[in-house]
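There are 2 protein chains.
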Amino acid sequence: MTGTVYLVGSGPGDPELLTVKARRLLDAADVVLHDKLPGPEILGEIPEDKREDVGKRAGGERTSQAEINERMVELAREDKSVVRLKGGDPMVFGRGGEELRHLAAHDVPVEVVPGVTSAVAGGAVAGIPVTDREHASSVSFVTGHEDPTKVESSVDWAALAATGGTIVVLMGVGKLPEYTAELRDAGMDRTKPVALVERATRPEQRVATGTLESIVDVRDEAGIEPPAITVIGDVAGDRDAVVEWLENERRGEQADARSE
Amino acid sequence: MTGTVYLVGSGPGDPELLTVKARRLLDAADVVLHDKLPGPEILGEIPEDKREDVGKRAGGERTSQAEINERMVELAREDKSVVRLKGGDPMVFGRGGEELRHLAAHDVPVEVVPGVTSAVAGGAVAGIPVTDREHASSVSFVTGHEDPTKVESSVDWAALAATGGTIVVLMGVGKLPEYTAELRDAGMDRTKPVALVERATRPEQRVATGTLESIVDVRDEAGIEPPAITVIGDVAGDRDAVVEWLENERRGEQADARSE
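Line order of the protein sequences matches chains Y and D. Under the working numbering, think of the first position of the first sequence as 1, with each following residue one higher. Under the working numbering, think of the first position of the second sequence as 1, with each following residue one higher.
All clues given are correct.
Stretch by stretch, here's where chain Y covers chain D in the computed footprint (C-beta under 8 Å, at least three residues):
1. 17–23
2. 82–93
3. 105–119
Computed Cβ-Cβ distance ranges for the label pairs, DEER-style:
4. GLY174(Y) <-> GLU48(D): 45 to 53 Å
5. GLU48(D) <-> GLY187(Y): 48 to 56 Å
6. ALA66(D) <-> ARG77(Y): 56 to 64 Å
7. ARG77(Y) <-> ARG51(D): 42 to 50 Å
8. ALA158(Y) <-> SER64(D): 37 to 45 Å
9. ASP35(Y) <-> PRO226(D): 36 to 44 Å
10. PRO203(Y) <-> THR2(D): 23 to 31 Å
11. ASP107(D) <-> PRO47(Y): 42 to 50 Å
No lab work stands behind these hints, which were simulated from the structure alone. Virtual Cβ for every residue (Gly too), placed ideally from N, Cα, C.
The shape of chain Y in the complex, shown without the other chains:
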């Protein structure tokens, strides 16, 4: 008998943004393979004896993708029900496709359980719609943290700028100076609104806003740190009109939580 491996998205960090299915599979799983991306609130709700952290190993090195792939197959062949829990959605810069192909190639039954991606949710909870009928007919997601074995970036920033749509950069804090420079060089307006959303949907969520010109300074002054997404586009300027109400709601919820 071979167990099933579920490639499950954990959403952006708030445990309530797990899907009902993810919650059910986590409860039923024999083993949950994870790294730290799902965040402490979600990981803290999973019993310790089910959890296997494949984001680190003795000596401080990261577990390689090949080792994770092997471990999933090994556990499935022991007829375990395995949840491979991934931050956000498993197929959005999460190597979910590679894991899916590996499992299928080794005759392991597999199912993909989509999650809420922080690329969408990060803006949404900060009052920024990633698309808008008036001024964003498309939205593109890229990662600021490409495969380090690649010699040069394969992201065509000039083409992304030319779409005229919103650009969302995941894991986009560290390389912010590089890609904002590429976008300026490609002719994007220096006054284009840009927002950084750190730890979206989690209790410590922070938002900082500026322009394509100012955002690196804004980042440094605010001390924005990973994990965070960057939203580039006119929609990032929509936040001002709504933020007072969103923030009131958020503070209200936190006050409610404290008084319980």
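Given chain Y, work out where chain D should sit, using these hints.
Positioned in the frame of chain Y, the structure of chain D alone reads:
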């Protein structure tokens, strides 16, 4: 007293892909404003006396966005807890931004509850990762069904093709001939893999695959109908390697469901 309006994403259609928070808010709501996009499985689980269909009105016309906006404010001012339920994610081509701004401008407390977007989930459950370390460094979402009051499309298909990343078209069945022609004219390879995913994550889910050249004929032969997404890019060719295992799993679940 003014009630809160929750702009809630219902996900792609499978009720288990609602978030835990969406499920909680639906249970607690006084009124759920919806159209038909969340799909019959999700709407069927909401008690009839809570539901208000704002997708249609007497005479067969659609309720206008202005009327929906007014109705949300009206209910909140009656101190109702209002869920505005939207298919997928409220901020991905869902006019969530407009509703958010309207509510904030009328001093109505509002919260956005992100959902699983079918733009990501549609591919994922069909075995297609929207990004891939090897051959898709970005993914762009566009809608095939733009605001009908716009004179010409504001989507720059040539720029999207130039990104080299995956393109996902939501509501993309009807205009498939037009935008595949635009992509070919922009120089995209005619053999580029394309997949259509109809009613993703729902019991009647169907997938049809072809190339940029063949996909219109494929659509017609398979009789693919809305709602469906179109995935354009090398990732759409990844499906073959994994589909046998995904389909086995899906059939197994359906057999389980029947035997219960």
